[in-house]
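**Student:** Given these sequences and hints, build the entire structure.
Chains as they are written, first to last, in our numbering: chain A, 10 to 145; chain B, 111 to 638.
Honestly, the hints are just simulated from the structure, not real lab data. Glycine included, every Cβ here is placed at the ideal spot set by N, Cα and C. Hints are not guaranteed to be accurate.
Said to hold, decoys possible - In silico lysine to any residue, SDA-like type, Cα no more than 25 Å apart, as pairs:
| # | chain 1 | residue 1 | chain 2 | residue 2 |
| --- | --- | --- | --- | --- |
| 1 | B | K396 | B | P312 |
| 2 | B | K613 | B | K396 |
| 3 | B | K112 | B | F488 |
| 4 | A | K119 | B | K396 |
| 5 | B | K613 | B | P635 |
| 6 | A | K119 | B | G546 |
| 7 | A | K119 | B | A267 |
| 8 | A | K119 | B | I560 |
| 9 | B | K112 | B | T551 |
| 10 | A | K119 | B | I558 |
| 11 | B | K313 | B | R161 |
| 12 | A | K119 | B | T451 |
| 13 | B | K112 | A | K119 |
What the hints assert, rightly or not - Short, incomplete list of chain B residues facing chain A, as computed with Cβ under 8 Å:
| # | residue |
| --- | --- |
| 14 | M202 |
| 15 | A453 |
| 16 | E457 |
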Amino acid sequence: MARALRLLLAKPGLDGHDRGIKVVARALRDAGYEIIYTGLHQTPEMIVNAAVQEDVDAIGLSILSGAHNVLFPRVVDLLREKGVADIPVFGGGIIPEEDVPGLRAAGIGKIFNPGASLEEIVRWVRENVRPRGLAA
Amino acid sequence: MKLPTETLSGIPINEVYTPGDVRGQRAEDTVGRPGAYPFTRGIHADMYRGRLWTMRQFAGFGTAEDTNQRFRYLLDHGQTGLSVAFDMPTLMGYDSDHPRALGEVGREGVAIDSLADMEALFQGIPLDRVTTSMTINAPANVLLAMYVAVAEQQGVARDRIGGTTQTDMLKEFIAQKEWIVPPRPSMRLIQDMLVFGTRHLPKWNVISISGYHIREAGSTAVQELAFTLADGIAYVQAGLEAGLDVDTFAPRLSFFFDVHNDFFEEIAKLRAARRMWARIMRERFKATNPRSWWLRTHAQTAGVSLTAQQPLNNIARVAVQALAAVLGGTQSLHTNSMDETYALPTEEAVTVALRTQQILAYESGVASTADPLGGSYFVEAMTDRIEEAAWEYIGAIDDLGGMVAAIESGYPMREIAEASFRYQQQVERGEHIVVGVNAFTVPEERSIPILRIDPDVERRQVARTQRVRGDRDAARARRCLDALRGAAEGSGNTMDSILECVKAYVTLGEICGVLRGVYGEYREPAII
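**Tutor:** Right, dumping it as structure tokens:
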């Protein structure tokens, strides 16, 4: 029997706004995913280490401090360095529309804007996150 | 689409209210008169006729110079008090050149690393002519010391500087989540500030007990009220344990509440807050100075209620919330800007928000009489219901051993996470209508201009801080840090040592580094 997909939800940077990520975590858990939440104030290094250790199928990032253009691409770069660039990354927070193309180009699979619904997020995960190949 | 039949906090709303719905006590015990115990109707007899609320827009971004310009702009446009927003590294006690500050410098507020930044922030603003509110918590001691040092440079006596540091660490652990050291040493540092403020700064509000962030984290109005008052109880106890007489510091405790969408619930919340605090101070803490019984409050419209969809609609939301704050009897007010779900506000958006307050104050007539809603069956009944529900929570927190113990057990955080998830589900199911989000939507959104932070800010700020460290008297800086470590390890007042540190251009990150070394860093259990 297939295991539940594991998602790492993470708060990079220093902002403490965690209402959004907690609500998203609950909704994804209710949708059948196994959720690992890092807690607050994580560096990109901490997030990528957790993703590798926990062998997750995707990473969701939330940031509301405006540092997304620096910290989101850093997470993707570190995944590449660790040879796990197949882990898809999605994110949300206070992210202006103009920043989205740059983040997509940097390898973030999807950015949810401040008006995104839980349904939209769950649907995207269902359609885009697949089990990663079991280690050989 | 149905109209709501309960408040946002889930209190049922009757079709009509009559005298039978108001609690059957003597009017003077509950409703009474404005300016008289228990102050349900306001802390002043003449309310806004005597003194209008302070229009205080929160601002801060980029470098100290950028924010200084926004301050001068706001003062030129009729704002009457300053309010400083700090960036994330400052809030967490890191200098701009710390690796953890990468990408965050000047983004969500102004970056302050050393006294040199504070000097630039208040350049050309005489500190005896304005009052300044600083939204700073974990390193509030450092920022207050810097403010005192700048006043000293300007030749302004300590007893003439007025303002507020938020310094409310309990709500940080509960909701806003910007911290340095664990809850118990945080309370000790606050005690040191309370003692320092009581001795030297008669016009400074050392602690602003804040429900705002609790509400923004997704709590109900009742939870916001109850947790905030429970935090207040913990601070009064801390002051008493530091050996202060209650009436020497209680008059300068101030509050900060959110004002959300549910108009009458919010008005009732502010009225219940005043009545409950008056009782807590007089009956529980035996304060005898009537000013100790006053709940003076700042209010801010609800950032969390603003929508990314159809952002101009936010102007209407803010106007309704601001009206509730005024009818609820606030002493000062920040009105949010329409573009805040996208970024920090532009100058134009901030101006509309300030104008909203001016229209309420000078055009609408609502400020002309004290508590115009007093005696309304509905408002009085709602005030009673909210009060009853909040006392239940306060009782539960007392049973857990007070707020510090409650936080250590994760209780308030769990309650908020539950309420927040429940609300979001109600919105998604269409049980709560949010205009432009789950009703009256439009397919094409128009975009609004947003504020961009110059990416060069970080580089310039890092350069200045490194220059400050290079130029200062290194031996003096080291001596000051050693003295601080000694005070933190022992029982000396850390505020005195921190003031010496900032005058020697020791940086915020260095000071907080010493405190981390002595007390350890706080790590929150990750509760979903």
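**Student:** Which numbered conditions among the earlier hints are violated in the structure presented, ordered from lowest to highest?
**Tutor:** Result: hints 2, 4, 5, 7, 13 and 16 break, sorted rising.
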